[in-house]
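Model the full structure from these sequences, guided by the hints.
4 protein chains.
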Amino acid sequence: MRVGVLTGGGDCPGLNAVIRGIVRKGMQEYGYDFVGFRDGWRGPLEGDTVRLDIPAVRGILPRGGTILGSSRTNPLKQENGIRRIRENLSKLEVDALIAIGGEDTLGVAARLADVYGVHVVGVPKTIDNDLSATDYTFGFDTAVNIATEAIDRLHTTAESHMRVLVVEVMGRHAGWIAIHSGLAGGANVILIPEQRFDVDQVCAWVTSRFKASYAPIVVVAEGAMPKDGDMVLKDGSLDSFGHVRLSGVGEWLAKEIERRTGKEARTTVLGHVQRGGTPSAFDRWLATRFGLHAIEAVRDGDFGTMVALRGTDIVRVPLSAATARLKTVDPKLYEEVGVFFG
Amino acid sequence: MRVGVLTGGGDCPGLNAVIRGIVRKGMQEYGYDFVGFRDGWRGPLEGDTVRLDIPAVRGILPRGGTILGSSRTNPLKQENGIRRIRENLSKLEVDALIAIGGEDTLGVAARLADVYGVHVVGVPKTIDNDLSATDYTFGFDTAVNIATEAIDRLHTTAESHMRVLVVEVMGRHAGWIAIHSGLAGGANVILIPEQRFDVDQVCAWVTSRFKASYAPIVVVAEGAMPKDGDMVLKDGSLDSFGHVRLSGVGEWLAKEIERRTGKEARTTVLGHVQRGGTPSAFDRWLATRFGLHAIEAVRDGDFGTMVALRGTDIVRVPLSAATARLKTVDPKLYEEVGVFFG
Amino acid sequence: MRVGVLTGGGDCPGLNAVIRGIVRKGMQEYGYDFVGFRDGWRGPLEGDTVRLDIPAVRGILPRGGTILGSSRTNPLKQENGIRRIRENLSKLEVDALIAIGGEDTLGVAARLADVYGVHVVGVPKTIDNDLSATDYTFGFDTAVNIATEAIDRLHTTAESHMRVLVVEVMGRHAGWIAIHSGLAGGANVILIPEQRFDVDQVCAWVTSRFKASYAPIVVVAEGAMPKDGDMVLKDGSLDSFGHVRLSGVGEWLAKEIERRTGKEARTTVLGHVQRGGTPSAFDRWLATRFGLHAIEAVRDGDFGTMVALRGTDIVRVPLSAATARLKTVDPKLYEEVGVFFG
Amino acid sequence: MRVGVLTGGGDCPGLNAVIRGIVRKGMQEYGYDFVGFRDGWRGPLEGDTVRLDIPAVRGILPRGGTILGSSRTNPLKQENGIRRIRENLSKLEVDALIAIGGEDTLGVAARLADVYGVHVVGVPKTIDNDLSATDYTFGFDTAVNIATEAIDRLHTTAESHMRVLVVEVMGRHAGWIAIHSGLAGGANVILIPEQRFDVDQVCAWVTSRFKASYAPIVVVAEGAMPKDGDMVLKDGSLDSFGHVRLSGVGEWLAKEIERRTGKEARTTVLGHVQRGGTPSAFDRWLATRFGLHAIEAVRDGDFGTMVALRGTDIVRVPLSAATARLKTVDPKLYEEVGVFFG
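Chains as they are written, first to last, in the working numbering: chain D, 25 to 366; chain Z, 25 to 366; chain X, 25 to 366; chain R, 25 to 366.
These are calculated hints, taken from the structure and not from any lab test. Keep in mind that a hint or two might mislead.
Heads up, the list lumps identical chains together, so a pair's fine if it works in one copy or across two of them.
[Stated by the list, open to error] In silico DSBU-like cross-links for lysine-lysine, where the CA-CA straight-line distance does not exceed 30 Å: (1) 287 with 101; (2) 101 with 351; (3) 251 with 279; (4) 235 with 101; (5) 351 with 115; (6) 115 with 356.
Below, the structure written as structure tokens:
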């Protein structure tokens, strides 16, 4: 049995832990051998491979990034993409493929499995935690810890100065990082993409916070958007989906708060810091177990599936579930957290 | 409505986050007022209280320990203990009580609720994560992160020297911290209380590891015990349960490994470092939500219950569930992790 | 003997450690008592004081911020400012004053000492480390560690993607944080206020780095400025000193790199995260010793002086030395570090 | 010009940063090439080499350990040791040698330089910071930060429980780690090898601390020893120098405190955790600059010297200075810190 492995999409702490789990169990317990594909779907598309065995996975558990490289190459958009992948898999005598990635990567995997009968098992990956098929995805806990630590440090300044502190965190379509780090960090306002925010309401919270205690900390997801009438973000342009340009909502908001409340405001933009570096213990645990269960699914011939977390168990769900529905923050949960606003 | 709050048993990062969640929601949304009881059950037993309001919970979210103090006082073992508690609650006009604690603290709470009709809601707390009624308890993730970071650091020495490194972590009756930190840290041997270990097997893993790569790291829960025949731990004495003295298993094991393999071995004993300091983001999230849901249970008059985590939801279970059964590491899970041994 | 203590200027980890050192030694060894002045020079100006004794300094060692509060109030710019301070000190029977602060705060202190004979001892404070009279100031090491950790995390993304990563760090007039964190983090370009940068040279380094290895990391001090011809920063405006507006150089540079090299670039702006939170071990050591030596200077009647670090010794220098000359990055040192560029 | 590089003695964060500094500057600026010797003096003794060029040093800056391996092999104690080294250096056409290590490694280097005219430059390394020729050595700041963070976490338990907490840190002959981390962590007792401690005095501090505040934290260097009459450490044995066995002083002390004060005491033994893992920003800065200056000394033909830190400058001192005198904690400094005891 020869198994191919690839990682697609954006950076996410834990990718290497998944790979290590797959290879260690696959070689030691099942006697499989492995082919690493380079840079996501570009690997099987171009037959670009890398040695993947036990020495190759030694020491990678605590490392961010992916030893296989990644890309956003989509074979469905390439001429004869699927055919070339099938030919390369066949030429390399690859019996099964484990694809680790997000919505796009797993969408291709699902199609390969459903339409072309390729033996694929998926491992879900999204730092934003916005996949409805699984309780959590790896990388998310790391990102939340990093953002929380940053917020912790801002409290000091908030305590001794009169400045509003705005922190922009990741989350284009879902506010999970914002709501988790904002709650854990004791933020006074949390703004998420799921609910357009009212700048006047934000300013009211800011003002009431100043009265009750010290300067407020505002956590805003990069995809959070103001309500109609407040739509002119920094450069006033719309992106290709007709949304206002998301980049820079933190700085935009800081300026609006300054303008409307007369208080100074400062911005921190954590950016890619949130998705790099060593994974948290939880993410290593989850990623490793995803790897162990993915190779078990291969052994069981349970293709077209994806591993997922349910409570403390790793289960299998249809690959199509990966892309079915974005998991967004439930309004009830947002309301629950709202008790700490202002 | 006046609500009493107490924290009992050992230290655990997140206790203050629970208290803050209770008070913020209770005062702001329900208009309740609060009485803090000092030092666990000693507080209501002796009528020893402390002011508990919004200024009192300001800034405590990231702090370890508990602003209410804690103790292991058991009113069931005190003369007229229950009667004195009832009298003090009545005198202080406390309508409901939220007890945050482990098996012992919640055992008293269950009895107060079941036998004496006291209006009690429980919040489970055990750093060892060994409570079957909930997926996770707060404090555990923090402890695992601390132990994992220590193991990470030991890899450096293991790489460049020929020493076996033994790390003793918490876990008297359950190996959750050992198995999580050992897996996340890439340990080569993990020993847990649930399965007596065979020193010769440990030495075989140690020896094979030296051949394959660099020096091995052995994670051992403080409650792990060798098999019969290896029973003479450091001081040879039995504790009150007839168990060998658990303290010092790490150092004992290091010496046995040295004696049997001829390799040098060094020990790290993390001790209370694992249960102190600021909680991880996950623990703050979980603890805060436990607090919010506990006061909601009070509002609903749902007494005799305890909050618990199921997947990503906070649910209520009978208080008696808290003490029903120790959640130990499933042999299947231990076997799953065993792929990384040696 | 009654001693007043105040902290002025911006936030800086270690301020509380200084205060604790002063009070512990002053009360225990010399039997002095203390008056805390609130919010820098506003305190003695308005006679606004706070209790300052051993219980008041308990537990503050690891805390960021300052228990005394801070401000930028300058009594030299207030009507009768100096007279009001002298009157208040006299009314409160304050025999000596310890002023902890940067150039502005210590400038006032120097004038009070020199011109008005007030008994003042200074403790230097600047997170930017730009004071020539001392080897290091506290807070700086903490800021460098935070920035370095952020850069560490960005390497992961740089490794697996083709994006230029720009990190803007503190440093308006001196590049110490940029050069220390950039070197420690393994940055490929470091830009400091002391030397105007050439965007084409930056782009050349970026391009050569892509060829040799993976994506480059560019560390830029907030006060770094491009050479003539590249002067139009984001909003094109000049600040009150006739400098171009410094805020936003990171984002501006990222856009220029994108425009000129065709590579995607992303920005991280750490902002106040760098000056908040718990101090590093070194900063606690330095700050505590500054406190101990400041009170010793008071005991010796050695007024008009300031404590300073020379090698591993704490020495005293004239207060006027604090404001004499900005300590900037030596061109030779910048060149030394330049071996890692590109 | 071909330059050999070796690392000897115990683990120390920053070794890789030194190597990288040497190679980057030596190849890029001077056009040298390099030979890595494996496992300290064993490398040149046996002609065991490893490729050392720019790709070999890529990415090693943040890594603990040493890519060259280390050992305690002493060629002076090997038959024809010096002759074999000279022959191997000659055979490999090595013109100069950079030796990175502690007292033993640099002692050999000094002899090679002085007696045999070998072209050697030294880089000092001791995690204990006990070298009189330099203000600081790399690795020390990292160890102090790790120990301080552990002490920080213990405060939580100390606050909420009545247990004495004993932390054993590194330091066989000098108490630098103990005194720095103890001061930075706010310990209540600090015991160092330079001054035999009186257990009754320790117990007096413990008891007075309980009265004034919460439970005490005792930091003890592994090499600290009780005064005569208290000499029977755990196993009562003497080591080869006639000293009592140092290992286990923490646990021994905890038991003595329990016996004499009646208070419970718990021990944390950090062990090798202190010397592993990623270096702090300061240690990366210092180690990198040591590397840059060592290769500069080679270029200048300034052999028989060692780089050292004086204030913020890197200077050169005779290699013999490395082994001249142990830098121990000055009694005056210990007294200065003593204000925080009890």
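Here's how the hints hold up against the structure:
Taking CA atoms no more than 30 Å apart as the test, residue 287 paired with residue 101 passes between copies only; the shortest distance there is 23 Å, against 50 Å inside one copy. Taking the shortest alpha-carbon separations for residue 101 and residue 351, only the intra-copy value of 26 Å comes in at or below 30 Å, while the best inter-copy value is 50 Å. Proximity of residue 251 and residue 279 under a CA criterion of 30 Å is satisfied in both settings, with 16 Å inside one chain copy and 28 Å between copies. In this homomeric assembly, residue 235 and residue 101 come within 30 Å of each other (Cα to Cα) only across copies, at 28 Å, whereas the closest approach inside a single copy is 56 Å.
Proximity of residue 351 and residue 115 under a CA criterion of 30 Å is satisfied in neither setting, with 38 Å inside one chain copy and 49 Å between copies. Taking the closest pair of Cα atoms, residue 115 and residue 356 never come within 30 Å of each other, the shortest separation being 52 Å inside a single copy and 38 Å across copies.
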